Amino acid sequence: MIAHVNFKSGVPVYLQIVQQVKAAAASGSLRTGDALPSVRVLAEELRINRNTAARAYAELEAEGVIETRQGAGCFLKANGTSPLRKAVRSERLAEELDAVIIQAHHLQISDTELTALLAERLEAFRERQGLNGSSRP
Amino acid sequence: MSTPALDIQDLVLRYGRTEALHGLSLTVEPGQCYGFFGRNGAGKTTTIKCLLNLLRPQAGSVRVFGLDPRLHEAEVKARLAYVPDFVTFYPWMSVREALDYQASFRPRWNRGLEASLLRQFQLIEDAPTSGLSKGQRTQLALVGAMAAEPELLVLDEPTSGLDPLVRREFIQTVIGAYQDAAPGRRTVFVSTHLISEFEGLIDRFTVLDQGKAILTADADEARSRFRRLRAEFAGEAPPESDFPSAKSVRRQGRTLELIVNGDGDQVLEGLRSRHPVQLASESLTLEEIFLHSVH
Numbered sequence: 000m001i002a003h004v005n006f007k008s009g010v011p012v013y014l015q016i017v018q019q020v021k022a023a024a025a026s027g028s029l030r031t032g033d034a035l036p037s038v039r040v041l042a043e044e045l046r047i048n049r050n051t052a053a054r055a056y057a058e059l060e061a062e063g064v065i066e067t068r069q070g071a072g073c074f075l076k077a078n079g080t081s082p083l084r085k086a087v088r089s090e091r092l093a094e095e096l097d098a099v100i101i102q103a104h105h106l107q108i109s110d111t112e113l114t115a116l117l118a119e120r121l122e123a124f125r126e127r128q129g130l131n132g133s134s135r136p
Numbered sequence: 000m001s002t003p004a005l006d007i008q009d010l011v012l013r014y015g016r017t018e019a020l021h022g023l024s025l026t027v028e029p030g031q032c033y034g035f036f037g038r039n040g041a042g043k044t045t046t047i048k049c050l051l052n053l054l055r056p057q058a059g060s061v062r063v064f065g066l067d068p069r070l071h072e073a074e075v076k077a078r079l080a081y082v083p084d085f086v087t088f089y090p091w092m093s094v095r096e097a098l099d100y101q102a103s104f105r106p107r108w109n110r111g112l113e114a115s116l117l118r119q120f121q122l123i124e125d126a127p128t129s130g131l132s133k134g135q136r137t138q139l140a141l142v143g144a145m146a147a148e149p150e151l152l153v154l155d156e157p158t159s160g161l162d163p164l165v166r167r168e169f170i171q172t173v174i175g176a177y178q179d180a181a182p183g184r185r186t187v188f189v190s191t192h193l194i195s196e197f198e199g200l201i202d203r204f205t206v207l208d209q210g211k212a213i214l215t216a217d218a219d220e221a222r223s224r225f226r227r228l229r230a231e232f233a234g235e236a237p238p239e240s241d242f243p244s245a246k247s248v249r250r251q252g253r254t255l256e257l258i259v260n261g262d263g264d265q266v267l268e269g270l271r272s273r274h275p276v277q278l279a280s281e282s283l284t285l286e287e288i289f290l291h292s293v294h
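Quick mapping for you: the protein sequence lines, in order, are chains A and B.
Just so you know, we're using numbering that gives the first Met the number 0 here: the first sequence kicks off at 0 and counts up by one.
Just so you know, we're using numbering that gives the first Met the number 0 here: the second sequence kicks off at 0 and counts up by one.
Hints are computed from structural coordinates only; laboratory data are not their basis.
In this text the structure is predicted, and so the values were computed from the model without any measurement.
Be careful, since some hints might not be right.
Claimed, not checked - Pulled a few chain B residues facing chain A out of the computed Cβ check, cut under 10 Å:
#, residue
1, Q31
2, C32
3, G175
4, Q178
5, E198
6, A216
7, A218
8, R250
9, R271
10, R273
11, S282
12, L285
For glycine and all other residues, C-beta sits at the position ideal for the given N, C-alpha and C.
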């Protein structure tokens, strides 16, 4: 589920884990109710500090992606149970889209090309979801 | 705010007329895995000896769990375990006897953990300690340190005598198991110059150079501040002098490689405005950060 951490990406390690779990959940390779490895196992697999692994899980739990069941570990929560209001969620995404738009500007990618690329990536994402056998809620 | 596991302020220590530490300060919060990086002779072992009251500093203060090791030596030593870089045992003792001897001084001793570590390191209880290799001595000292379940584990170059396979195992499982047994309360203070092996394990670190802390940062923060930018141009690369804020610039024909600290985005902008055909940015590893900061 979690491939690896890249110390050269400049992204904090705990955030890389958060992003990878979200990506796995979005693509359907990780499904509602699936168990995540324990903090200790995750830390050992990725050769990272348990503090970092615990911080990643705490963040995922705060965002409503996973839940901790006492004594049993962490599990992926059903989609659509984000504790954040819709407006907040949209705002977060808008920020990330802005960053992409700025990057596109610097790479001299036109608006039409960018829109086409977004459509293409969405298509590829749907295909992966299809392969993982999950349907759109 | 909880009491720091370790708090060192303006520490000064002279050996005769040579000053080994001048004005070292650092704070380690409980539960952290803290890296103490420096070249040989930077003052790492000297600092550690001050924590154990093996050396008495001329100025500054040392607090371990809020206690002064000069006044509360026994309590401080009961709550921490120290694995030195050169380990010696009484040569007439076997592995078993050496552990029992250590256990007799300790308020706690985890027999189960001791047994599983002995198995993991393939140490034979009947073997005389006089016949152990440097790596095996370090392993035996680690078994003793972990079995005592201290609040603070002080490791001085713990992996230098270990072979690569054992090193990996040690770092992956031993430190993990130690901290996992009481999350947030077990602290590791590790001095090393083999930094790459601890890359993922370090929460926060201090680079010590000539007896002074020259860089203290969270590992993630350091990695996002220190970056290597590489730009390739269609023609000749712009001169080094165009980037005065870079820590180092290497220019090879059409390529420019810069090391930046903190102002990466600005320098990146500067490179972009010169229209490179390729532009890449990556973070430095902790080892590279160390090498660039001691230069």
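The hints, checked one at a time:
A least Cβ separation of about 7 Å between B/Q31 and chain A falls short of the 10 Å threshold, and the interface hint therefore holds. A least Cβ separation of about 5 Å between B/C32 and chain A falls short of the 10 Å threshold, and the interface hint therefore holds. Interface hint at B/G175: satisfied, since its Cβ lies 5 Å from the closest Cβ of chain A, which is below the 10 Å cut-off. Interface restraint check: B/Q178 against chain A, minimum CB-CB distance 5 Å, threshold 10 Å, status holds.
Checking B/E198 against chain A by beta carbon gives a least distance of about 6 Å; that is within 10 Å, so the hint holds. At a threshold of 10 Å, the smallest CB-CB gap from B/A216 to chain A is about 13 Å, leaving the interface hint violated. Hint on B/A218 holds. Least Cβ distance to chain A is approximately 8 Å, under the 10 Å limit. Interface hint at B/R250: violated, since its Cβ lies 22 Å from the closest Cβ of chain A, which is beyond the 10 Å cut-off.
Look at B/R271: its Cβ gets to within about 6 Å of chain A, closer than 10 Å, so that hint holds up. For B/R273, the suggested interface contact is broken, since its CB lies about 13 Å from the closest CB of chain A, more than 10 Å. For B/S282, the interface hint holds, the least distance from its beta-carbon to any beta-carbon of chain A being 4 Å, beneath 10 Å. At its closest, the beta carbon of B/L285 sits 8 Å from a beta carbon of chain A; the interface hint therefore holds under the 10 Å criterion.
Of the hints listed earlier, those the structure fails to meet are numbers 6, 8 and 10, in rising order.
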